[in-house]
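Input sequences plus hints: build the corresponding full structure.
Chains A and B, in that order, give the protein sequences.
Sequence positions in the first sequence follow my numbering and run 1 to 792.
Sequence positions in the second sequence follow my numbering and run 1 to 491.
Hints were generated in silico from the structure; no laboratory data involved.
Note that this is a predicted model, so its numbers are computed, not measured.
We put the CB at the ideal spot given by N, CA and C, even for glycine.
With the Cβ distance kept under 8 Å, some of the chain B side facing chain A (calculated, not the full set): (1) G110; (2) A150; (3) G171; (4) Y172; (5) D395.
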Amino acid sequence: MSHLSERPEKPVVGVSMPHESAFQHVTGTALYTDDLIHRTKDVLHAYPVQVMKAHGRITRLNTEPALDVPGVVRVLTGADVPGVNDAGMKHDEPLFPDEVMFHGHAVAWVLGETLEAARLGAAAVEVELDEQPALITLQDAMAAESYHGARPLMETGDIDAGFADSAHVFTGEFQFAGQEHFYLETHASLAQVDENGQIFIQSSTQHPSETQEIVSHVLGVPAHEVTVQCLRMGGGFGGKEMQPHGFAAVAALGAKLTGRPVRFRLNRTQDLTMSGKRHGFHASWKIGFDADGRIQALDATLTADGGWSLDLSEPVLARALCHIDNTYWIPNARVAGRIAKTNTVSNTAFRGFGGPQGMLVIEDILGRVAPQLGLDPMELRERNFYQPGQGQTTPYGQPVTQAERISTVWREVQDNGGIADRKREIAAFNAAHPHTKRALAITGIKFGISFNLTAFNQGGALVLIYKDGSVLINHGGTEMGQGLHTKMIQVAATTLGIPAHKVRLAPTRTDKVPNTSATAASSGADLNGGAIKNACEQLRGRLLQVAASRLGVNASDVRIVEGVARALGSDKELAWDELVHTAYFQRVQLSAAGFYRTEGLHWDVKTFRGTPFKYFAYGAAATEVEVDGFTGAYRIRRVDIVHDVGESLSPMIDIGQVEGGFVQGAGWLTLEDLRWDTSDGPHRGRLQTQAASTYKLPSFSEMPEEFNVTLLENATEEGAVYGSKAVGEPPLMLAFSVREALRQAAAAFGPSGVSVDLASPATPEAVYWAIQEAREGAADQVRTDVAALSGA
Amino acid sequence: MTEARITVNGKETPISPAAPHATVLDFLRERGLTGTKEGCAEGECGACSVLVARPGVNKPTDWVAVNACLVPAAALDGQEVITSEGLATVGEDGTPPALHPVQEEMAVRGGSQCGYCTPGFVCSMAAEYYRPDRCAHADPADGAEAHADAEHGPNGFDLHALSGNLCRCTGYRPIRDAAFAVGEPTDEDPLAQRREQAPPAPVATEYARDDSTFLRKDTLAETLRVLRERPDAVVVAGSTDYGVEVNIRSRREGCVVAIDRLPELRELRVESDHIEIGAALTLTEIERRLDGQVPLLAELFPQFASRLIRNGATLGGNLGTGSPIGDSPPVLLALEASLVLVDADGEREVPLAEYFTGYRQSVRRPGELIRAVRIPLPLSPVTAFHKIAKRRFDDISSVAVAFALDIEDGIVRTARIGLGGVAATPIRALATEAALEGRPWSAETVEAAARVLRGEGTPMEDHRASSLYRSAMLGQSLKKLHAQTTEAVSS
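Quick look at the structure:
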């Protein structure tokens with residue numbers, strides 16, 4: 001067992017405990033960024049001037065009428081920027097643009113004494129535009145060959161030979177929608193000018209260091225003049241990894257220019273129309289199988305809808321390519337990627353970060369072709385799993401470690417879910433019900449953990465012990481509901497050997513831990529936990545020396561357990577508070593900075609090869625659905641999941657991540673429906689689903705009626721803190737089982753052996769059309785056979 | 001300039017300097033009660049849910065959860081509000097407050113992750129916790145358990161109470177567990193005790209700031225006089241539509257008149273030949289007081305928006321806005337309802353089928369109010385409401401179809417079919433009715449009538465559904481009804 005993964009006696013990690021802020025959550029006393037304005041004096045409100053056209057050059061921007069509105073204090077425009085007018089890291093994202101690049105693009109911001117005044121001021125600003133043609137859909141962009149950024153190519157083996165060896169070859173296309181984050185708390189910041197002109201920004205951000213970096217370049221000041229704090233977020237899901245920076249910079253600029261606190265909070269309409277989303281993708285593919293249904297070759301091109309600026313599209317695309325294999329060995333592959341440039345919001349990180357998109361492509365292929373191969377979809381999937389001990393690598397050249405877990409979770413979820421019996425029950429039900437069909441599908445996941453870009457895989461922490469024995473920890477990660485802070489308290493308490501209540505966690509601040517990575521890529525606990533453990537080990541080492549001299553033994557013979565230091569084989573003991581007090585008077589340093597870097601990673605972005613991931617997280621889900629043949633409406637009857645979180649740091653938190661990720665994934669694949677105006681009318685490019693009333697999130701009615709989540713046992717991960725694994729993103733992809741179950745239920749309305757295409761999201765309407773397709777199955781079958789032949 | 005006051009968590013609080021259009025949410029947050037959150041500002045997410053003391057159905061007072069983002073603060077003049085902060089019992093001498101039972105269950109079961117939606121969930125859950133008839137059929141004395149299924153807990157908790165609350169983090173399972181775990185209020189519980197006392201009386205309000213006024217009169221007669229004098233006045237009841245306009249489309253009105261507490265608009269009477277339902281009764285009040293007497297309405301209510309909305313929304317409002325996609329008109333058309341309209345000159349009764357004249361237009365004259373809805377008796381025995389939407393809880397219909405059929409000896413004697421979402425107004429499917437009446441209730445009749453039904457109206461194409469799907473669903477709804485009446489089909 002590695003030093004990193006080994007747990008001491010009576011660890012606090014592994015104990016099931018509620019979220020560290022649960023008490024404040026339920027009593028309404030937990031503070032979020034925008035709650036602070038009611039505790040701050042003389043706050044100005046910032047309101048965006050959105051231009052409601054999809055594309056055009058600004059020919060005139062007249063801010064004068066806004067200043068005539070009572071209560072308007074100032075209008076911020078590009079002319080006010082002392083530093084670099086850019087909200088991103090790629091210099092393609094002007095904070096105050098002179099070209100409107102998407103419908104609702106903010107071109108100026110109005111500061112008002114009240115929100116109402118700022119709103120009326122924004123409405124009074126006059127913008128004239130030289131309208132340009134706009135590319136709204138992926139098809140528009142692909143037809144116009146409008147691309148930006150990298151064009152990666154991932155190759156392994158020899159695909160020509162692979163196709164030559166294939167008994168069955170299929171080709172197809174698949175386009176699927178993106179997803180709005182819909183964190184309940186919209187983007188918000190509050191900026192204040194501090195002592196000596198420094199800027200202090202409270203922001204709802206997953207990446208305080210990058211918020212700081214962009215604010216500093218916009219203001220043209222060094223980073224040490226800007227401090228960013230994030231108390232907590234009301235949800236992030238990737239939507240606050242990159243997107244908050246420009247907004248925070250607007251607030252900071254306003255504060256700098258007026259000397260007053262400036263607040264902005266996007267209302268829901270603004271948040272939906274201005275902020276980026278999960279990338280929708282287009283995939284074209286050709287796949288070959290041998291006579292037994294084993295994949296021989298895959299040739300695919302993935303096109304991500306990047307929106308108007310690059311943002312995080314390149315790493316999202318890279319992760320999509322790196323996950324097209326999912327749990328399946330593809331000996332010969334050529335997968336190309338490209339990023340469409342469209343006149344829509346700049347798509348960005350979203351839980352899974354391209355991984356879900358890559359994996360959805362292969363799961364869709366397998367679901368579509370299984371009937372044509374004459375195989376049960378479960379059987380087809382199982383036949384193609386990576387096998388342990390055979391030296392199989394991913395298409396980007398990384399060995400697949402713990403490949404046996406793919407089959408283990410697959411088997412366990414079948415046992416837990418009584419799958420064999422239920423398949424029989426479903427067959428009997430379907431035979432007896434002409435208008436209602438049920439189906440059960442199992443899908444698995446393999447998700448690579450670490451940032452693809454090696455440099456981001458570092459974390460920092462600052463741990464302070466006060467002389468009364470209380471402990472305050474800071475780390476670079478942010479809390480967005482995922483329970484990171486709860487886990488970090490547990491890690492600190494475990495390393496120091498004290499009860500969790502002795503440890504308090506301070507809000508994330510850039511002046512405590514510098515140069516942090518985004519709380520993203522599921523890496524929060526791995527990186528920051530490693531850093532906290534490191535800091536606490538330094539402190540424990542010093543305290544053990546103090547205890548040793550007091551107890552009259554060698555330091556290596558002292559253990560601190562549950563807040564008491566004891567010498568091995570002796571009944572002498574020293575309580576934590578007294579130990580700390582003693583250390584202080586012996587002038588022992590009671591603070592430590594911790595650091596962690598993930599070992600063993602390398603990635604060559606040019607050849608698209610390497611070992612970008614420290615390990616893989618595995619899981620499997622079995623979902624049963626019931627579909628109404630009259631309407632396509634459906635219910636999720638039961639879900640069983642077995643998921644690999646290593647040795648859990650905090651089981652209740654981890655199960656919450658698994659369940660929440662699953663339902664969010666199910667939302668993406670079935671319900672959540674981003675629709676833009678693609679007509680040539682006056683509102684071309686407008687997001688039509690720009691409210692909670694039109695963009696529907698899963699509610700209680702989408703929750704599985706029976707929902708059983710089990711964490712894989714005996715699953716210690718050697719390469720991560722206290723044997724745990726990352727959990728934030730992977731479970732989202734377990735929701736593929738919902739989509740595949742819906743496909744199979746739709747197919748059950750037609751003759752057996754029919755391949756069913758299912759649109760994504762699989763709304764009731766989409767399922768209805770899939771049912772109709774299945775009912776007309778025979779005719780369709782001929783078409784796909786022709787496609788298969790021409791492919792071969 | 002007059003003042004309006006709300007008793008918040010037991011403390012009487014003036015609402016000034018809030019503007020007359022300012023919502024309860026704005027008012028609470030301005031007072032530092034920031035537990036109440038804005039998630040969507042249109043009554044969809046429930047992050048702003050708070051409890052309001054209202055006239056009760058089974059006790060003098062009910063604690064009713066409403067969306068604070070939709071209700072104007074001035075509309076709660078003289079009323080009592082409890083927020084998430086007020087549910088916890090304040091500790092004495094600096095001790096931490098004791099959690100309310102629903103807060104406790106939410107906290108220990110992992111019901112909160114990011115916590116932003118949590119105060120709203122807590123309030124919606126508390127309202128259901130205090131519903132007097134929640135455990136009525138779970139009397140432990142006779143060993144009977146409440147009917148429990150995926151939507152009803154063994155403690156009588158109806159999950160529909162949370163249908164207007166969205167959580168993006170948890171996937172809902174732990175919230176459901178918390179809801180199904182809460183017990184009974186104790187005798188010492190002050191909010192339980194409060195139910196036994198009369199609710200706060202409505203208070204005549206004239207809250208004016210700048211050039212805008214919020215008005216509430218004591219009587220119908222006074223209200224009608226105001227409406228005659230102020231043709232620009234906007235009438236609100238639950239504000240579930242007006243509130244969205246204020247927040248999302250920045251609607252600002254010079255004069256808003258509240259009618260939701262007028263006694264003349266809040267009666268429910270079952271007569272020998274009709275049922276009269278006051279236009280300002282909330283849908284929740286109608287649902288609880290009718291208690292299944294009109295099966296078609298009973299089928300409608302759980303599908304009509306969310307509990308939070310139904311706690312404010314009224315039939316008068318749903319008909320008064322004249323929306324073609326409101327869910328009550330198709331049902332009331334199928335029930336052959338009529339409306340009692342009243343103005344300062346008197347009353348008249350108009351069949352609902354003749355009420356709508358165009359997109360959001362009706363025969364209702366300026367200064368005229370809908371006082372009541374009349375549903376003739378006896379009711380047709382075969383009824384169904386089919387709502388086609390993306391989401392089962394709290395969604396807007398793509399199309400809605402309501403059926404009321406009288407089938408005798410296998411022959412369709414009468415057929416009344418109301419449609420929503422297929423035209424500029426809710427309509428009756430007259431051609432389909434004709435294609436059914438006098439014919440046997442058979443697959444052949446249904447197949448032919450379904451073809452007719454598919455052609456009724458002119459369904460539109462939008463982000464909710466394609467026109468092709470909408471048309472198809474019209475026909476399918478009739479076939480589904482036929483299957484439901486002739487086979488044992490799970491719906």
